[in-house]
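Asker: Chain by chain, the residues run as shown.
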Amino acid sequence: MEINEVISEMTKIWQNILDDDAIELKSETTAKDVEGWDSLTNIQLIVAAEKKYKIRFSASEIMNFANVGEMAETIIRKSANA
Amino acid sequence: MAIMPIFAQNAVIPYMEFSNLRKNLKKDFSNFPVIKVAILGDTPTQLLHQALRGYGYETGFSFDIYDSEYDQIERQIMDTSSELYAFQPEYVIIFEANQKQASQFYSNDANAKPVFADVKLEHFTDLVNVLNTYLSCKIIIMNIPEINDGVYGNYANKTDLSFLYQLRKLNFGLMDLARHIKNLFIADVAALVVEYGWQSAFSTSTYTNTGIVFDIDFWPLIAKNISDIILSIHGKFKKAVILDLDNTLWGGIIGDDGIENIQIGELGIGRAYTEFQTWLKQLKERGIILAVCSKNFEHIAMEPFEKHPDMVLRPHDIAVFVANWENKVDNIKHIQSVLNIGFDSIVYLDDNPFERNMVREAIAEISIPELPEDPSEYLSFLRSLNLFETAAITIEDNERTRQYQEQAKRATLQKAYASEAGFLESLDMFCEINSFDRFNTPRVAQLSQRSNQFNLRTIRYTEQDIERISKDKDYATFTFSLEDKFGNYGLTGVIILQKKNDTAFIDSWFMSCRVLKRGMEGFMLNAIATYARSAGLTYITGEYIPTSKNELVKNHYQELGFRWEDGLWMLDVEKYKAKKVFINNQDYGNK
Numbered sequence: 000m001e002i003n004e005v006i007s008e009m010t011k012i013w014q015n016i017l018d019d020d021a022i023e024l025k026s027e028t029t030a031k032d033v034e035g036w037d038s039l040t041n042i043q044l045i046v047a048a049e050k051k052y053k054i055r056f057s058a059s060e061i062m063n064f065a066n067v068g069e070m071a072e073t074i075i076r077k078s079a080n081a
Numbered sequence: 000m001a002i003m004p005i006f007a008q009n010a011v012i013p014y015m016e017f018s019n020l021r022k023n024l025k026k027d028f029s030n031f032p033v034i035k036v037a038i039l040g041d042t043p044t045q046l047l048h049q050a051l052r053g054y055g056y057e058t059g060f061s062f063d064i065y066d067s068e069y070d071q072i073e074r075q076i077m078d079t080s081s082e083l084y085a086f087q088p089e090y091v092i093i094f095e096a097n098q099k100q101a102s103q104f105y106s107n108d109a110n111a112k113p114v115f116a117d118v119k120l121e122h123f124t125d126l127v128n129v130l131n132t133y134l135s136c137k138i139i140i141m142n143i144p145e146i147n148d149g150v151y152g153n154y155a156n157k158t159d160l161s162f163l164y165q166l167r168k169l170n171f172g173l174m175d176l177a178r179h180i181k182n183l184f185i186a187d188v189a190a191l192v193v194e195y196g197w198q199s200a201f202s203t204s205t206y207t208n209t210g211i212v213f214d215i216d217f218w219p220l221i222a223k224n225i226s227d228i229i230l231s232i233h234g235k236f237k238k239a240v241i242l243d244l245d246n247t248l249w250g251g252i253i254g255d256d257g258i259e260n261i262q263i264g265e266l267g268i269g270r271a272y273t274e275f276q277t278w279l280k281q282l283k284e285r286g287i288i289l290a291v292c293s294k295n296f297e298h299i300a301m302e303p304f305e306k307h308p309d310m311v312l313r314p315h316d317i318a319v320f321v322a323n324w325e326n327k328v329d330n331i332k333h334i335q336s337v338l339n340i341g342f343d344s345i346v347y348l349d350d351n352p353f354e355r356n357m358v359r360e361a362i363a364e365i366s367i368p369e370l371p372e373d374p375s376e377y378l379s380f381l382r383s384l385n386l387f388e389t390a391a392i393t394i395e396d397n398e399r400t401r402q403y404q405e406q407a408k409r410a411t412l413q414k415a416y417a418s419e420a421g422f423l424e425s426l427d428m429f430c431e432i433n434s435f436d437r438f439n440t441p442r443v444a445q446l447s448q449r450s451n452q453f454n455l456r457t458i459r460y461t462e463q464d465i466e467r468i469s470k471d472k473d474y475a476t477f478t479f480s481l482e483d484k485f486g487n488y489g490l491t492g493v494i495i496l497q498k499k500n501d502t503a504f505i506d507s508w509f510m511s512c513r514v515l516k517r518g519m520e521g522f523m524l525n526a527i528a529t530y531a532r533s534a535g536l537t538y539i540t541g542e543y544i545p546t547s548k549n550e551l552v553k554n555h556y557q558e559l560g561f562r563w564e565d566g567l568w569m570l571d572v573e574k575y576k577a578k579k580v581f582i583n584n585q586d587y588g589n590k
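Same order as they appear, the protein sequences are chains A and B. Residue numbering for the first sequence follows numbering that gives the first Met the number 0, starting at 0 and increasing by one per position. Residue numbering for the second sequence follows numbering that gives the first Met the number 0, starting at 0 and increasing by one per position.
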């Protein structure tokens, strides 16, 4: 999987859950940059990503994601292992 | 499971994922009745808040929710100047999480551990008592998943020092508390965890990062459970089940296969149908009406009920039995008219998707579950829908089937009498009048919640309300219990008079439609007129408040001889001439 491909798939998930088609995720995007991405919607986003890629993030992974890129990299790594 | 598209507030409400419920939050709730709900939790409850409000859209209610900061349960309840009391909720939900219980429990020493549940129960009792002193609300306590913490293994069942022992004792104690406190209800989260498993209920990463104790897609199950409780308190509950026969109540086709070859009992997958029938019979015994609607010849359809040794349901279990070759929509409408209850309180069970869709399209309000294709799954599927939530049960509930069967006999007799008076006279009717007392309070409250058609103002009273009114000197209360030569209808009519100066205002007048067309209206008016005269009152006034269901009584006061004056229906007590009725009464219990 290409990181850009994953980020564009994540963008669709984010648009759907946050109900905002204007969202455009980039590798360096953080929660601050996206309206509606707060600690509650974050749970939904994480669970939706886990379902889509059939993976589970650990508690510390979730806590330490610095930006969208790091999350996408973790997805790629975990999907490869699965 | 398919989501039913139309009239969501009346059809079967399916489980929904959190993200779909959250999308409901942006929709238009402005036409829905508002119900104020306060959520008090010892851990974050925002997901419950959103899921509950989201379900409100599916059921046609706008839950106006006050969600306190977490860990404020005691402060919000014990401090009567708190935001909780300012909010004046109709419902207070109390949520104490398993994880918090565990840390409290572990901080106890070996002397305190065995009484942990007792102390917690006292705490819950205090909370409930304070709420009931300062608020008029219903209280819903979420019980606690019974997780074995692994400290003692199975030995946890053999010692009161274990967390599991204390949790189970606490949950059992909560049930007992709810049995004794009428406005306390338990949302059975522990049972949901048994059904769906702790692995689905709990997300370690969500909990570790946010302190939210359930998985995001488990909250909808809890929210639906709570919403089911609230809806049943608001009179939205099921009263009857209409059953198809072939491949619904037994395997095979009675008309083709014959009585010895249908699958019930030992034959084929008969066990699935036997257990399904046993469950239906339990519903019947708790007051749900069973009716049959089948495309069959009646004598063939009836044969298994009468003769098959393994049938659980027998002819006397079925209130209305319709088997013919007309279409099911007409037959179901006929059954509804005999039962005289709203379509929204009826569940229709049929294995055939075509019939289900036809009925659903014709009668949008009726609940029609999408039964699984495999009959062995019927029971667990229906159980999971929680269709039969109820806010109260009364002794009269389990008599209802017999009453409807008597109704069918009366209908036959009525045809034989040429004049209405002759027919009424032949019934040997007898009516007992009482004021509200502690014996009839549950039934009065139930009738207040259930009567939709014959209800002049449709004010819903709870048992607590009824108790309060019965003690208030400004009110006079009347209950009417009718019987005739075919049987006893029980308490079927209620009038509440509010006295002010020289006038008795009819605050409530409602009646079960089972006793329509036998002169009860006149009899009841005679009773309150007699009372008004003896109490020295000059006028009786009444009001009709239209609803979508009470058109039946639109001209009620006019027909009884009231005159329209100053926006109310009015009757002069002195000039009133008692109506001719064919109902005798014995006891005039009202003071």
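I should point out that these hints are in silico values taken from the structure, not numbers from a laboratory. We put the beta carbon where it would ideally sit given N, CA and C, even for glycine. Incorrect hints may appear among the rest.
[Claimed, not checked] Part of the chain B face toward chain A, derived, beta carbon under 7 Å:
id : residue
1  : N19
2  : T42
3  : T207
4  : N208
5  : S533
6  : T540
Asker: Run the structure past the numbered hints and jot down the numbers of the failing ones, going up.
Answerer: Hints 1, 2, 5 and 6 contradicted; others consistent.
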